[in-house]
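Peer 1: Model the full assembly from the supplied sequences, consistent with the hints where possible.
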Amino acid sequence: MRSKAFISAIKNIKFENTFNPYFDTCKVYDYSNSANKRISMLEDLLEKATQVEIDAIWVGRDLGHRGGRRTGLALTDDFNLSNHLNRWSLSSEKITKGLPIKERTASVVWEMLNDIKSPVFLWNVFPLHPFKPGEPFTNRNHNSVERKAGEEILSQLIDLLKPKRLIAIGNDAENSVIKFSKSYEVQKARHPSYGGQNDFVEKIKFLYKIE
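Here my numbering is used: the first residue of the sequence shown is 2, the next is one more, and so on.
For the record, the hints were derived by calculation from the structure and aren't laboratory data.
Some hints could be false.
To be verified - Here are the computed distance ranges between Cβ atoms for each label pair:
(1) E203 / A10: 34 to 42 Å
(2) E203 / G135: 33 to 41 Å
(3) N18 / N87: 27 to 35 Å
(4) P101 / K163: 29 to 37 Å
(5) F138 / S83: 38 to 46 Å
(6) E212 / S33: 46 to 54 Å
(7) K183 / E136: 33 to 41 Å
(8) F80 / E17: 17 to 25 Å
Ideal Cβ positions, reconstructed from N, Cα and C, are used throughout, including at glycine.
Peer 2: Listed below in structure tokens is the structure:
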């Protein structure tokens, strides 16, 4: 299956000062098998997604330490993991230790997704968690080399799922997603952080005709 090649590719990405949730184990929050759970979950998700017509891939920037670093799913924190999996008739055992952690961006994204029935797949330009040197529980922008690697993975995902359209969340995502505009409809929504929540909500409501 083509999804197997995709899984293999993402599992093997490695950069300095990044956390690959599909291969690495967090010494603080992970169990010994957390990475295996995340990669297995992603593989199951992809298999489900390839069986339906995907309305859109929503593309963010990169995984955050309060969200995707823990769940292995883009734009998804602990509180919305079950929502994400339920959309695809999947489930998972507990992945990380301790109490669930909330991420603001994920909260806003899922507030909208819970009102959308169309098949939506969530991803990031850079599919790992980039952090500041020596500070694994911080977020930083991915660099140009990391972006190039991420765009290659994104291209594989788009080819695998063949969505009707691509929705870039924020300027960083748009800069990468726009490269696919010759073959796919591309829309942009403002990133919900840094005062962009209302604009994000309004754009998603417009795109999905939500009252």
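Peer 1: Against the range 29 to 37 Å, how does the distance between the Cβ atoms of P101 and K163 compare: consistent or not?
Peer 2: holds, 34 Å
Peer 1: If you check the beta carbons of K183 and E136, does the distance land in 33 to 41 Å?
Peer 2: holds, 39 Å
Peer 1: Given a hinted range of 17 to 25 Å, is it respected by the beta-carbon distance of F80 and E17?
Peer 2: Given range 17 to 25 Å: violated, Cβ gap about 30 Å.
Peer 1: Does the beta carbon distance between E203 and A10 stay inside 34 to 42 Å, or does it fall outside?
Peer 2: Given about 36 Å between the Cβ atoms, the range holds.
Peer 1: Verify the CB-CB distance for E212 and S33 against the hinted window 46 to 54 Å.
Peer 2: The hint (46 to 54 Å, Cβ to Cβ) holds, given that E212 and S33 are roughly 47 Å apart.
Peer 1: Holds or violated: the 38 to 46 Å window for the beta-carbon distance between F138 and S83?
Peer 2: The hinted range 38 to 46 Å is violated for F138 and S83, with Cβ atoms some 23 Å apart.
Peer 1: Has the hinted range 27 to 35 Å been met by the Cβ atoms of N18 and N87?
Peer 2: Check passed, 34 Å falls within 27 to 35 Å.
Peer 1: Should the hint that E203 and G135 are 33 to 41 Å apart at their CB atoms be regarded as holding?
Peer 2: About 39 Å separates the Cβ atoms of E203 and G135, which means 33 to 41 Å holds.
When held up to the earlier numbered hints, the structure conflicts with 5 and 8 and fits the remainder.
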